[in-house]
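Colleague: Sequence:
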Amino acid sequence: MSTTTSAIDAVDAGATSLLRFATAGSVDDGKSTLVGRLLHDSKSVLADQLEAVEHASRSRGQEAPDLALLTDGLRAEREQGITIDVAYRYFATPRRRFILADTPGHVQYTRNMVTGASTAELAVVLVDARNGVVEQTRRHAAVAALLRVPHVVLAVNKMDLVDYAEPVFAAIAEEFTTYAASLGVPEITAIPISALAGDNVVTPSATMDWYGGPTVLEHLETVAVVADPSDDPGRFPVQYVIRPQTAEHPDYRGYAGQIASGVLRVGDAVTVLPSGRTSTIEAIDALGQAVDVAWAPQSVTVRLSDDLDISRGDLIAPTATAPGGSQDIEATVCHVADRPLTVGQRVLLKHTTRTVKAIVKDIPSRLTLDDLSQHPAPGELVANDIGRIVLRTAEPLALDAYADSRRTGSFLLIDPADGTTLTAGMAGTAFAEAAEEAAPAAAADDEGWDF
Numbered sequence: 137m138s139t140t141t142s143a144i145d146a147v148d149a150g151a152t153s154l155l156r157f158a159t160a161g162s163v164d165d166g167k168s169t170l171v172g173r174l175l176h177d178s179k180s181v182l183a184d185q186l187e188a189v190e191h192a193s194r195s196r197g198q199e200a201p202d203l204a205l206l207t208d209g210l211r212a213e214r215e216q217g218i219t220i221d222v223a224y225r226y227f228a229t230p231r232r233r234f235i236l237a238d239t240p241g242h243v244q245y246t247r248n249m250v251t252g253a254s255t256a257e258l259a260v261v262l263v264d265a266r267n268g269v270v271e272q273t274r275r276h277a278a279v280a281a282l283l284r285v286p287h288v289v290l291a292v293n294k295m296d297l298v299d300y301a302e303p304v305f306a307a308i309a310e311e312f313t314t315y316a317a318s319l320g321v322p323e324i325t326a327i328p329i330s331a332l333a334g335d336n337v338v339t340p341s342a343t344m345d346w347y348g349g350p351t352v353l354e355h356l357e358t359v360a361v362v363a364d365p366s367d368d369p370g371r372f373p374v375q376y377v378i379r380p381q382t383a384e385h386p387d388y389r390g391y392a393g394q395i396a397s398g399v400l401r402v403g404d405a406v407t408v409l410p411s412g413r414t415s416t417i418e419a420i421d422a423l424g425q426a427v428d429v430a431w432a433p434q435s436v437t438v439r440l441s442d443d444l445d446i447s448r449g450d451l452i453a454p455t456a457t458a459p460g461g462s463q464d465i466e467a468t469v470c471h472v473a474d475r476p477l478t479v480g481q482r483v484l485l486k487h488t489t490r491t492v493k494a495i496v497k498d499i500p501s502r503l504t505l506d507d508l509s510q511h512p513a514p515g516e517l518v519a520n521d522i523g524r525i526v527l528r529t530a531e532p533l534a535l536d537a538y539a540d541s542r543r544t545g546s547f548l549l550i551d552p553a554d555g556t557t558l559t560a561g562m563a564g565t566a567f568a569e570a571a572e573e574a575a576p577a578a579a580a581d582d583e584g585w586d587f
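Quick note, this note's numbering runs 136 ahead of the 1-based positions in the sequence shown.
It is worth saying that the hints were derived from the structure and are not from the lab.
In this text the structure is predicted, and so the values were computed from the model without any measurement.
Warning: the hint list may mix true and false statements.
[What the hints assert, rightly or not] Cβ pair distances, simulated, as ranges:
no. : residue 1 : residue 2 : range
1   : Ala-392   : Ala-306   : 49 to 57 Å
2   : Ala-419   : Ala-306   : 41 to 49 Å
3   : Pro-410   : Gln-244   : 36 to 44 Å
4   : Gly-403   : Asn-267   : 52 to 60 Å
All C-beta atoms in this analysis are idealised placements derived from N, C-alpha and C, irrespective of residue type, glycine included.
All chains should be modelled from the sequences, with the hints used to inform the complete structure.
Modeller: Structure representation (structure tokens):
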């Protein structure tokens, strides 16, 4: 077996041990209760945590422990009975480790869902069986599609309140699946549950014998989320230059960082961007040992056969699949700051380990998630808005399309004055484009940022 084959086999065997997933749902759909039930029934709750929840529940006059309190940690969340911030939880079963992002359900916290789902490989969207697919359900499906989340689970909750009726579940599953598929979601799995009673969360339901599919936990444990890294182009953003200059290593020059995508091999011809200089990978060091091949998301040190001027923010990529650089960027963005994003605004753009100056040249449209229509030329984006923008950067950037790579196709816009994160961006096209060309915006004032 070749070194490359054995390396890819190692990825297939090891990477499946971790699943990142996010939960989303409308207010009072029982999302926090589902997460609490998942943690409780999978034996992932410490005794003192459970005791604290039981005490808090008794103080409210509740006989049974309110499992939602396991995730709603903020005082305001407990007082209002809603989720406000993204709550990250880490748990494990014998089959897989999990990083869970419990995101809010309110419309005004759309930005929080974008944050929580941006790195997720799976999204669990909750629906109240009594209400069916509502506006917020469609909104969450649209956000999952925009973020290219490859797997979506529809958890039809509170089945106990509709007498565990199969027709109710079937109608909701059909409506949601049709809508999500129209957005390009590649895989949708519908599961009828009762988070309060524990039906089909960790253990199969004794009252829904008409359902023969997996429980929520079974699906999370078995869903295939690993892709062959050799299918993706190699991308290695340089994070740090290592020059020990010691007696033992007088001429050592290594470029350290985390492989963003693909595979790097000793002997590969590579191009360094944005300079365009070329060289060959002479050696790869991983965990203090020399290796012949490395793959995403390993952290390694790469040594080249030529002494090139390379610093933090540069990108090393195999020459055959190296991206092109551009100063003009079109992207779909979610605005996360309270202050608006406006045409002509000067920002910093952070892409992987590189940060450059940029100007917002145009905001062609704002997406209405309710019906996926485009509102042309909005002039600005406010908190939780999702829209299209055009940027001009001071230096060329080697961005991939977000549809091709979630890691190297994403970026952040930052306020240069105080470092506040303004906007999360996804390069390239979205699933829905404006039906008509947006009216051209007024020319921006570029004084002082001449590029």
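Colleague: What are the numbers of the hints that this structure violates, sorted from low to high?
Modeller: Of the numbered hints given earlier, the structure breaks just one, which is hint 2.
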